[in-house]
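Take a look at the letters that make up each chain.
There are 2 protein chains.
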Amino acid sequence: MGELRRDPVVGRWVIVNTLNSLKPQDYEKETRELHQEGVCPFCPGRESRTPPEIEAVRFDGSYPNAPGWSVRVVPNRFPALDIHGDIERRAIGLFDMCNGIGAHEIIVETPSHTKDCPDLNEQEMLQVVNKYCSRAGDLARDKRFEYILIFKNYGSAAGASLEHAHSQVIALPMVPKYVAESLEGSQNYFEHNKRCIYCDMIAQEKKDGTRVIAENDDFLCFASFVSRFSFESWIMPKFHQANFAEMNDGQRYNLGCMLKDILRRNRICLGNPSYNFFINTAPTKYKHHHSYHWHIEIIPKLTNMAGFEWGTGFYVVLTDPADAAKYLRQAA
Amino acid sequence: MGELRRDPVVGRWVIVNTLNSLKPQDYEKETRELHQEGVCPFCPGRESRTPPEIEAVRFDGSYPNAPGWSVRVVPNRFPALDIHGDIERRAIGLFDMCNGIGAHEIIVETPSHTKDCPDLNEQEMLQVVNKYCSRAGDLARDKRFEYILIFKNYGSAAGASLEHAHSQVIALPMVPKYVAESLEGSQNYFEHNKRCIYCDMIAQEKKDGTRVIAENDDFLCFASFVSRFSFESWIMPKFHQANFAEMNDGQRYNLGCMLKDILRRNRICLGNPSYNFFINTAPTKYKHHHSYHWHIEIIPKLTNMAGFEWGTGFYVVLTDPADAAKYLRQAA
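Going down the list, the protein sequences come from chains A and B. For the working numbering, add 296 to where a residue sits in the first sequence, where the first one is 1. For the working numbering, add 296 to where a residue sits in the second sequence, where the first one is 1.
Careful, some of the hints might be misleading.
Repeated chains share a single entry, so a pair holds when one copy, or any two copies, can fit it.
Claimed, not checked - 30 Å max Cα-Cα, derived DSSO-like pairs, lysine-lysine:
1. K490 <-> K411
2. K490 <-> K622
3. K622 <-> K583
4. K473 <-> K490
5. K583 <-> K439
Hint data in this document are derived by calculation from the structure and do not stem from the laboratory.
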């Protein structure tokens, strides 16, 4: 197979298939057909099928909860967590628990039922990124919440139940384990080296060059040396920043361009796969802004998790990240 | 949705849908058709399609690598790790790495192409469990290896590429992250309480009773209060033991019976879903045998991981474990 590699931030190991690295055509292609057009609650004219909107980018003269929007934010009709109530923590014997308080919102990225990020123009992508920032900023002011996650599921294999392009926002009353491990790992590195581990990672990836997929003034996109999944890519700001919601206008614009670019490359290279992406960012009350550095992980859904991964926390990566980057660079 | 619950050993959070808990029929059913009969490398008569066998349970007078076996252990023809060579650790800048040394074996559980564990009798299941123990014991004597994982993937949605019933063995040159976290969590608990956290968990589950699925002289099977997945179940030995390979004959027999029973219940209740199971056990060089307690996690594949799970390490469980246990108890 090849090499064992250790993630320097969270300590997990991956097995990378460097000896017999799979090509894009070696993965089974999904068939993707649209089934929900005409009954979609996210399409213009069906605004009443969602809870009342929280925010929207609207054309002049249009009214809330009516057509005339380009991006629309609504509460999730089937939320994972409930926005109402105080947090009550308790124990049942061995187990700590808490009532299910949080926020769960939907950002409908476009009025078009058939478009996804690669089909939007740069200004439309900027509007989406602006909503990521404004919702995260707004929810961070709610003192009950400690972490705001922005993520996207595209395609049923990636867990999307609705096919109309949308991202999601979840606000949590605690810092999740995966985030806490990243914070701890990056703080430890900072204490030893007085540098941000992600800034060092950017320098190393740029110097090496083999895993770089794309770059613009503010962002580097690369296939991480310690990818968990085949054709996984990371978008990392070249400027040091812990909380993505603090981006300025130019940075937001460049993030929209980079997201559009990498998702388009994935579509061309891998045949429009289901995918997830999520923003790793600092918790709302985090103080060590010098050691953490926000970034996005983009995971095309090409393989299934199996017993080995569940039983160990190892991941098996069938395409060498350097090869993945080469294919994605060529898919322009 | 319901409740947030924290795993007391590894610290991850799950969101449990206690308010609108899904029934078995609410999950999409898989269609399961056999396609590989007649070309299967694990069927009798095709022994030459695998590497030479390591062990087998053979009928008198049969020869290695020929028909006449009931359980057969072979090296994986496409191993995740290579058995040959010394371990060489090195660093590339930020990243620690190691050549891909390990073992990867297949335990073919039955000569029948169409049977799975629920179709085997108790003696046949005992033979499978015996092979789990003998392979783990044998590989543990190789000083290069620190952890031996036994696991099973059934169905393509659970990552199985071959449909003939088989388990897998992987030996690793390091203790994996998920295992290390379990060891650390259970050691911390032992230091505070002078008791094994898993023994306490068994006592609590038995006292509560609502999540118990089945029990025999040596094993309790229950839907954990902090399940990661809908209809996940754990098999836990009622006797304290850190390393499963140390089971005596009676315990092995009872484990085989319990595995057969719970997999049969899953099949009846959930419509023959794809599933993974794996044995959580102590590392080969582990000394704190008083604080760790081996157990098996069984995960039917009913939903897909999505961006929220990847971005946080949270899990969303759509069926309350108490309801899952009720349905599985009834599926007798």
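Hint check:
no., hint, verdict
1, K490 <-> K411, "neither (44 Å within a copy, 59 Å between copies)"
2, K490 <-> K622, "neither (33 Å within a copy, 54 Å between copies)"
3, K622 <-> K583, "neither (38 Å within a copy, 46 Å between copies)"
4, K473 <-> K490, "both (24 Å within a copy, 26 Å between copies)"
5, K583 <-> K439, "within (16 Å within a copy, 44 Å between copies)"
Checked against the numbered hints listed earlier, the structure breaks hints 1, 2 and 3; every other hint is satisfied.
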